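In order, the protein sequence lines correspond to chains A and B. The numbering of the first sequence is the numbering used here, which starts it at 1 and goes up by one. The numbering of the second sequence is the numbering used here, which starts it at 1001 and goes up by one.
Rather than coming from a laboratory, the hints here were simulated on the basis of the structure. Nothing here was measured: the structure is a model prediction, and the numbers come from that model. Note that beta-carbon positions come from the ideal geometry of N, C-alpha and C, so glycine has one too. It is possible that part of the hints are untrue.
To give an idea of the chain A side of the interface with chain B (calculated C-beta under 10 Å), a few residues [claimed, not checked]:
{"id": "1", "residue": "14"}
{"id": "2", "residue": "21"}
{"id": "3", "residue": "28"}
{"id": "4", "residue": "32"}
{"id": "5", "residue": "76"}
{"id": "6", "residue": "109"}
{"id": "7", "residue": "150"}
{"id": "8", "residue": "182"}
{"id": "9", "residue": "184"}
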Amino acid sequence: MKLEGYKLVFVAVGLIGVLLIATPALGDVIRLPGGEQFSELYLLGPDNMAANYPFNIVAGQNYSVYVGVGSQLGSSAYYVLYVKFGNQTDQMPNATLGTPSSLQPLYEYRFSIQDSVNWESLLNFSVSNASISGNNSQINTLQINNVTFNVDKPAVWNSNSTTFTYQLFFELWIYNVQTGSVEFNNRFVNLQLNLTRTP
Amino acid sequence: MAFGSFLYSEHYAFAQTDQTESKLQAANTAVEQAFNAVLDAEKTGANVTGTLALLNTAAGILAQAENSYRTGDSNTTAAQADSVLPIAQEVTASAQDAKQTALISNQNAVWSTIAFTVIAGFVFVLVLFLVWRRFKRSYINSLSEAKPEVNSQ
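Just chain B, with the same shape it has in the complex (with noise of 0.2 Å):
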């Protein structure tokens, strides 16, 4: 009897392990990602500063969850590593919604700036095209004011 309950410790304890592992695991992929969607964020020029001190705080707790494990302390380090994963979905949520804006913002600053970019250019050429006319014109009649006059005598 005292061999069973020897048995049914040890396997107590590596199924704790591997449960443990496996939320360690867990963990690190929710903050891998929650750090993938924030970097596509701002590749897409959104404000990610906020976000980046959340991602924080998960990777901050999933360190000590690590730290917890090393010493052995399989609770605590469950517990760490389960506080994680809402952290890193709130993260990885938020980052997609700031993708989002931002790629909204992003296409009308490019429409703002090719509408811009026509616009400004065409008067320009208009005011340099008819800045030119009144030169030219200017330019032939003092021309012609400065012609010799032919003596019929």
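Chain A with its partners taken away, still in its complex shape (with noise of 0.2 Å):
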């Protein structure tokens, strides 16, 4: 090789040697974009596992569930979590359109969580006040994590499912930096519910 060429190799090392040196300085400046960013709901039974859900319930007895929220958002977030019961003719979130549930909320959680952090809660909940008579049954009260709400809730009987079919469900919101409000994140969680017998 001539002179010329080896001068070339020494100031293409030059040159890739001032831009490794030059690397932490321009990792200050160029920021690369991050990868999708969502939440996640989840709803987990009794032992922490996605098995066993109540399902047929019996006034004044207790049930548990556990409920969770992951954030992937790349940085902290602040959420709402909604709890909310309704019957088969209540209107559920619609995830299509993103909208909530009109039902007014019972129950909820706040807290805020860090990026790649999960938040998980045991949900104890159990009916009383419920009665069956012939194809109508009606739960007046629920009691969510020893909070008492008079609920007022009938059902009627459900000869397809034969169930009388209830919905304990979880809305997830999260709180807009930049509208200043906490606003539905059209993630859902439904644990449905038959009332098969009161004491």
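Could you use the hints to bring the two separately framed chains together as a complex?
Here is the structure:
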């Protein structure tokens, strides 16, 4: 190789070396785009596994489920998790339209978590003041984590599913820093319940 | 007189509800402001794990206050909403301090990085130049030694 060729090799090595040395400084200036940002909402059974979910419920008996939220938003997020209770005719959240249920929340959790961190809580619930008469049933009181709510919720016998269908569902809402308000995050999970008998 | 008493109690109930609602609103605003402060601190690179744990304490009490409000327990709601405020204010102050500390730390880190880049870059180029000069000299010398001699005869 001629001297000019070696000179080019030295110049190339010099440029690569300078770029490598400047990498930490360039890292402060150049920001690479992050991955997909989303929140996750999940419901687990009383053994903290996706099994043994309460379904056939009896008035006066305690039941429990785990509810959890995972954040993959790239920064901390402030969530509100609403617990709502409805029957088979009540409006559920609409995932396509991204709208929450029109039912008023009964119970709520509020928490803030950092990116890639999960939040989880055990929810205990029971129904009382319930009645079944022919094809009609009624749950008057729902207790969630020792807080008692008057729900006065009727349900008609569903001959297809052979149940008195009630739904305990969870809606995830998130605080939007830009608007300064808590908005529905289009994440919800539903625990379907069947009132089988009253004491 | 009974009617008057009824009106008074009605008015009292409405006033108490309004007061409870405004306390809840104030607690909500305080927690949201605290979260904004924590997020700002986090964006500057501050470690917000401890501050976020404290914020969760305030948020948890606020949730209890909202739950109490739904059961119609105004006194508990008001007491819980009131107890949220000092915690949220502490979070805000702590997050603002963390942000300032992180900003100063970031500034120092930026200057250190710039200084490292300039000095290391200069040293690298200088060393490379010296190596190049030495290489060039030895290359020319090796060429001179390899030059065929001209026979004068």
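Evaluation of the interface hint that places residue 32(A) against chain B, nearest CB under 10 Å: This hint is violated: residue 32(A) lies away from chain B, its Cβ roughly 16 Å from the closest one there, beyond 10 Å.
When the least beta-carbon distance from residue 184(A) to chain B is tested against 10 Å, hint result: violated (16 Å)
Status of the residue 150(A) interface restraint (C-beta, 10 Å, chain B): Holds: closest Cβ of chain B sits about 8 Å from residue 150(A), inside 10 Å.
Proposed interface contact between residue 109(A) and chain B, which counts if any beta carbon pair is under 10 Å: Interface hint status for residue 109(A): holds (6 Å vs cutoff 10 Å).
Minimum beta-carbon distance criterion (10 Å), residue 14(A) to chain B: holds (5 Å)
Supplied contact hint for residue 76(A), tested at 10 Å Cβ to chain B: holds (6 Å)
Agreement of hint residue 28(A) with chain B interface, Cβ distance less than 10 Å: holds (6 Å)
Given hint residue 21(A) near chain B, where the shortest CB pair must fall under 10 Å: holds (5 Å)
Residue 182(A) as chain B interface residue, shortest Cβ-Cβ below 10 Å: holds (8 Å)
Comparing the model with each numbered hint stated earlier shows that hints 4 and 9 do not hold.
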